[in-house]
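Those protein sequences? They're chains A, B, C and D, same order as listed. Each residue of the first sequence is one higher than the one before, counting from 5 in this note's numbering. Each residue of the second sequence is one higher than the one before, counting from 5 in this note's numbering. Each residue of the third sequence is one higher than the one before, counting from 5 in this note's numbering. Each residue of the fourth sequence is one higher than the one before, counting from 5 in this note's numbering.
Please keep in mind that the hints were generated in silico from the structure rather than gathered at the bench. One should not assume that every hint holds.
Where chains are identical, the list cannot tell them apart; a pair therefore holds if satisfied intra-copy or between any two copies.
In silico lysine-lysine, DSBU-like type, Cα no more than 30 Å apart, as pairs [as the list claims (entries may be wrong)]:
id : residue 1 : residue 2
1  : LYS346    : LYS89
2  : LYS212    : LYS89
3  : LYS89     : LYS319
4  : LYS186    : LYS319
5  : LYS319    : LYS212
6  : LYS135    : LYS89
7  : LYS89     : LYS274
8  : LYS274    : LYS319
9  : LYS186    : LYS135
There are 4 protein chains.
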Amino acid sequence: MTNLMRMSLMAWAMVVASDLWAHDRARTPIRIPDLPDGLTLKCDFHIHTVFSDGKVWPDIRAEEAWREGLDAIAITDHIEHQPHKQDLPTAHNRSYQIARAHGEALQLIVIRGSEITRSMPPGHLNAIFLKDATRLDVPDWREALAEALRQGAFIFWNHPGWRGQQADGQARWYPEHDELLKRGQLHGIEVVNEREYYPEAHLWCLEKNLTMLSNSDIHNPIGLDYDMHAGERRPLNLVFARERSADAIRQALFERRTVVFAAGRLIGRKEFLEPLFERSVRVLTPSVRVRGTGRAYVQIQNDSDITYVFRPELKDPDLIFPEEVRLPAGRVGLLEVRGRNKQTRGTRLVRLAGAVMNLWIRPQTPLPTEMRFEVILMPEDNP
Amino acid sequence: MTNLMRMSLMAWAMVVASDLWAHDRARTPIRIPDLPDGLTLKCDFHIHTVFSDGKVWPDIRAEEAWREGLDAIAITDHIEHQPHKQDLPTAHNRSYQIARAHGEALQLIVIRGSEITRSMPPGHLNAIFLKDATRLDVPDWREALAEALRQGAFIFWNHPGWRGQQADGQARWYPEHDELLKRGQLHGIEVVNEREYYPEAHLWCLEKNLTMLSNSDIHNPIGLDYDMHAGERRPLNLVFARERSADAIRQALFERRTVVFAAGRLIGRKEFLEPLFERSVRVLTPSVRVRGTGRAYVQIQNDSDITYVFRPELKDPDLIFPEEVRLPAGRVGLLEVRGRNKQTRGTRLVRLAGAVMNLWIRPQTPLPTEMRFEVILMPEDNP
Amino acid sequence: MTNLMRMSLMAWAMVVASDLWAHDRARTPIRIPDLPDGLTLKCDFHIHTVFSDGKVWPDIRAEEAWREGLDAIAITDHIEHQPHKQDLPTAHNRSYQIARAHGEALQLIVIRGSEITRSMPPGHLNAIFLKDATRLDVPDWREALAEALRQGAFIFWNHPGWRGQQADGQARWYPEHDELLKRGQLHGIEVVNEREYYPEAHLWCLEKNLTMLSNSDIHNPIGLDYDMHAGERRPLNLVFARERSADAIRQALFERRTVVFAAGRLIGRKEFLEPLFERSVRVLTPSVRVRGTGRAYVQIQNDSDITYVFRPELKDPDLIFPEEVRLPAGRVGLLEVRGRNKQTRGTRLVRLAGAVMNLWIRPQTPLPTEMRFEVILMPEDNP
Amino acid sequence: MTNLMRMSLMAWAMVVASDLWAHDRARTPIRIPDLPDGLTLKCDFHIHTVFSDGKVWPDIRAEEAWREGLDAIAITDHIEHQPHKQDLPTAHNRSYQIARAHGEALQLIVIRGSEITRSMPPGHLNAIFLKDATRLDVPDWREALAEALRQGAFIFWNHPGWRGQQADGQARWYPEHDELLKRGQLHGIEVVNEREYYPEAHLWCLEKNLTMLSNSDIHNPIGLDYDMHAGERRPLNLVFARERSADAIRQALFERRTVVFAAGRLIGRKEFLEPLFERSVRVLTPSVRVRGTGRAYVQIQNDSDITYVFRPELKDPDLIFPEEVRLPAGRVGLLEVRGRNKQTRGTRLVRLAGAVMNLWIRPQTPLPTEMRFEVILMPEDNP
């Protein structure tokens, strides 16, 4: 081996060694398009630390969220449930303070919250954007919620169908919730908590005009509950805010400008799902050519981190479309078009109606949409 | 379980089932920035099929390349080496024709080439952009190369240090190569072939002003030689072309507008490596604040698919920088800045000189660069 | 840095470099237990090459199968469908010969087969363990099958619900199949082909006492259709043979000693599924202790490469069991046991009845099984 | 679609949904063979929690270790460094108590330890198998170590080259360490801590007959520092113990029966490395046949979770061996043998001497070993 080769190999090896032996402390941005009138912020508003029944020091919550690509988190330790109290004396504002300091270093927004933790009804409620959490530590839950409201909090009902409070897993609406609603003390509901989806809560948000939420309710280090390195992700709220700030998030929440993002699905109002989808995908081949009963490929690039599953519904006298088109996250999918007849000739503007199966505007109801492209039909014997 | 829940679960499950049971035929774009004056096309100019000693039908080469995110490939079956001849009669242009038809359906550029396969010297040479490969099938290699040139081909020397022809793995320059150079029949050299890097060839390209090339020389289905699903990638040429066309690629090759991209490294002229790096990364936090001997984090987003390894060299009286900063592909890395002194105060514009260890402008020579950001130094006791 | 450190770092780096830069040509054994009276061989009996409409040279089929951990493959190019004929003249036995030579070098069993390719009925049928495939190239399919039988072939019906022949995707039984059955010319049916499962075929195999089969029908390089590096796997036959030989496989096929292994599910007769499951898993903690309404964990190790999903059905007056227990492949899963009452005391031998959801003994019918372990119940206040 | 098909699809989907939506709480056993006279236990003896400067509640340490396949951990919070003290009052034994309770539920061994944290010399030392950690909280480090010894502790020196105490990263031996050694208060040294290897410490262990250790020193949730889901693993001690108990581990440590397992390398005494390697790999093809200058493949199965890199050194007049043979973890690797001559004939028992590059018996010194197999040489023209 020449000396030049030996030295180059060594240089090569040294760079490689740095690859393996080092560990990246890095943030993975979540690619979801902004809306025309708002940034798409990724937020988790239900998080625990050692200061209630969670298992990590609060700064870890900011570190985990920053790495996962989130923009904002709320620390929401329980007011009433403090199993570590004997070792770690109650201090309702401390977890927020510690997490915020770390969040500031990493430019992640940290919001002060608390979980008001009562039996059902009314169950558990989160109040976020608090000014002083200790003042929620009162015997009467009605008083706690009134205080939260006085502090300007955004208040939502957590996991309404949680089996810890509803043995059959079904969410139920109680008079107490009517009462809260009437007093302006209930602004949203968790449609997804952890790995559960509550279709009843989904309907209530639509009927009662409440904000839909989707939170991790994480207690463990996040990596024990989600395989982050394998691409799994905690449930998130997409919040459509005018800027990247706590104030703008608070305003967007009160304006119900959210979409649930959980387990690869988006759940929310059509006005948000429609532009999210349309801004995620683009047809790279606006015109394709089909000869006789041959096939052509419409290429569709999906620049988002959400894999979309499109099911065409159009029947066409000249063209055959697939039952399902998958548009994988960050990649270019193929929509295969086949000719039905050997001799058809002409240019067709196709508006391929269908639905995106993993975007839900109501329980059981996927988002209708259409794909547009041109097909030039040519007879088979025409070279 | 309510009926609503049951139906929702079912809908959920059906979408999920489609995830697992289906298989995506999709393209994964390779994210590397364009240059100010040219698109960055990803190309492999050395590829075999069953029509010489390769192992796949030619259309597979277009399919593999499209999926991997390439823009162009050249099919370069051997003229002289046809081990399947008894089953599959020699037809020098057929593999190109078959691959091109598939390439057209997927909008991938397929270039006609051949490998002129002789003992060393002159060894193996690829001629690409041919008009008729059969005319290269002549006894005298000088005549074959003359014919290639008459057809307008771009000609390069393959794997000059290949152990099949150089037992010690060292590339050697012969009088025959001088002869080729003089006649204008040698335009480039493979600096990387498969998993080998030839530092001598790297130097020759710089000294003799030749085009640097990096090719897979793939014979197997690509997935047998590279763990694509684990993020591995064949060696590639980055070609800086004025448009996405075969003509523009040919012109760029003759103008030496290429960079080698292999095993996570870029090898090439500084004029190309510099803008590639600068257009890949951006400082998200142009100004950070360090209090006393505390630390701050400069966040650097790398939008490319290349992980960069930056080693700062600047010594600073007030600030401590890390030995190495890794900027992982598609993510945000952290450059940690620490204060040396408790009481320093002031605003500093830092121009952090260093080198990118995996970008090589010569053998052993990483690209020098600098990172620019502002540090506001504050004394420790100043809140 | 000391010289010792520098040298050690270099040694470290050199080993690491070898990790990254090399590519492993290696076999990944598929861990599924043998039966008491037979080896569990992993086989794919439906495979194409360039010699019909496949896309790879035949030796690649042996290479792919060896790497994936298979024991045997059959090469089954179409007799009647030869789209590459113009370039590659028909030679019905050649693909087998080429693949077998490579199989011998790697100690993989390669079986000679052909796909008799007709319109429905009778559709496509594979004949394997042929002696001379060219003699099947006759106009009358009845004659082709009679010839296959004369050569001692095992004959099975391919993809009975394939949409290329059944537009609605439903498998249908025709008089021609009765005729074949009566003549002893139909020994098995594909219950799974590629990514399709045919419940009708599953029932026919049970009713008519035929061999259940599960094949890839692969045409592309396998890595284009299955994400091998991500753990995906082609559909396989588990064949329970007395030894690792072609003869023993043939005998086991005629004796219907097979199980379908596809998409993480096993489909087959209870007599095979039961021991496969029982020999895969073992309870590591035969006795656990539950205090009051507390919980305990039964640890269950799954030494196989199949993730099992167990659903307990037992209701117990003293103990609460989970709805579902996942036993991930190659890992240790947890079965959580909780006490119902604070004061129960005693030792209980639990025989936890349930079903393994991904092992199917009939369509819709999971394998019943039970888990056995001891629970020691202790009252809460008893330290 | 028939009803049968629809129902089957639904059943299919439901199983699949359970795959995706659930999250496995599971243990991944680490496959490393036992020795003839001892179990191979995987242990981490340097771990922090929120009770000193760590970031997780202590039970998480048992959970993480159980999942990662460890057998035992020691909780070793700092005695002198308690940055959370204001929120969480000092309680030197509590982290052990909390972790042990969780360890008992999961059958993981948890050992009581403390880190005696002083400036260099003597630096940081861990004492494990303590009876009462609070009694180590004394001003004089000599007294703390004497107390640890009185409690029967195993005492080792942590990260001797840590840059926090040695700016140049070089480990140095001080008179204080001689003093400790003389008093029997120093039983081992960390040869690896986190991502650092100390070749000096490696030599000291050999010269002074001390136990070699390799620990994570983990402060964060383990998943923030190691990409577990991508197969990365914290540094571990392999401890060769007569049974799976705390007592047996303690005895093995005092008997220096350990091997360092870090970053894919094993570092330790030859008497342990040799049987570990030999019991990991087995030649599947004891006899291979080479015809003329052809090639044959010796198949070597590696049943362990360690990828071995073997470099043959034997020169042979008849056979050519590769420069390097990789034996990937849990897979079957190939050792390619090629004939040198066309006409050699005979049967050769090959004893292929070489070294395993990632097993180190001294700094820079790989474990010598040999592979044994038979080669039958046949002349080329002899069919």
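Each hint tested on the structure:
1. LYS346 with LYS89: between (78 Å within a copy, 24 Å between copies)
2. LYS212 with LYS89: neither (38 Å within a copy, 47 Å between copies)
3. LYS89 with LYS319: neither (65 Å within a copy, 37 Å between copies)
4. LYS186 with LYS319: Neither: 49 Å inside a copy, 43 Å across copies.
5. LYS319 with LYS212: Classified as neither: same-chain Cα gap 38 Å, cross-chain 40 Å, threshold 30 Å.
6. LYS135 with LYS89: For LYS135 and LYS89, both the intra-copy (23 Å) and inter-copy (25 Å) Cα distances are at most 30 Å.
7. LYS89 with LYS274: Result: close neither inside a copy nor across copies, 45 Å intra and 51 Å inter.
8. LYS274 with LYS319: Result: close within a single copy only, 25 Å intra versus 44 Å inter.
9. LYS186 with LYS135: within (23 Å within a copy, 60 Å between copies)
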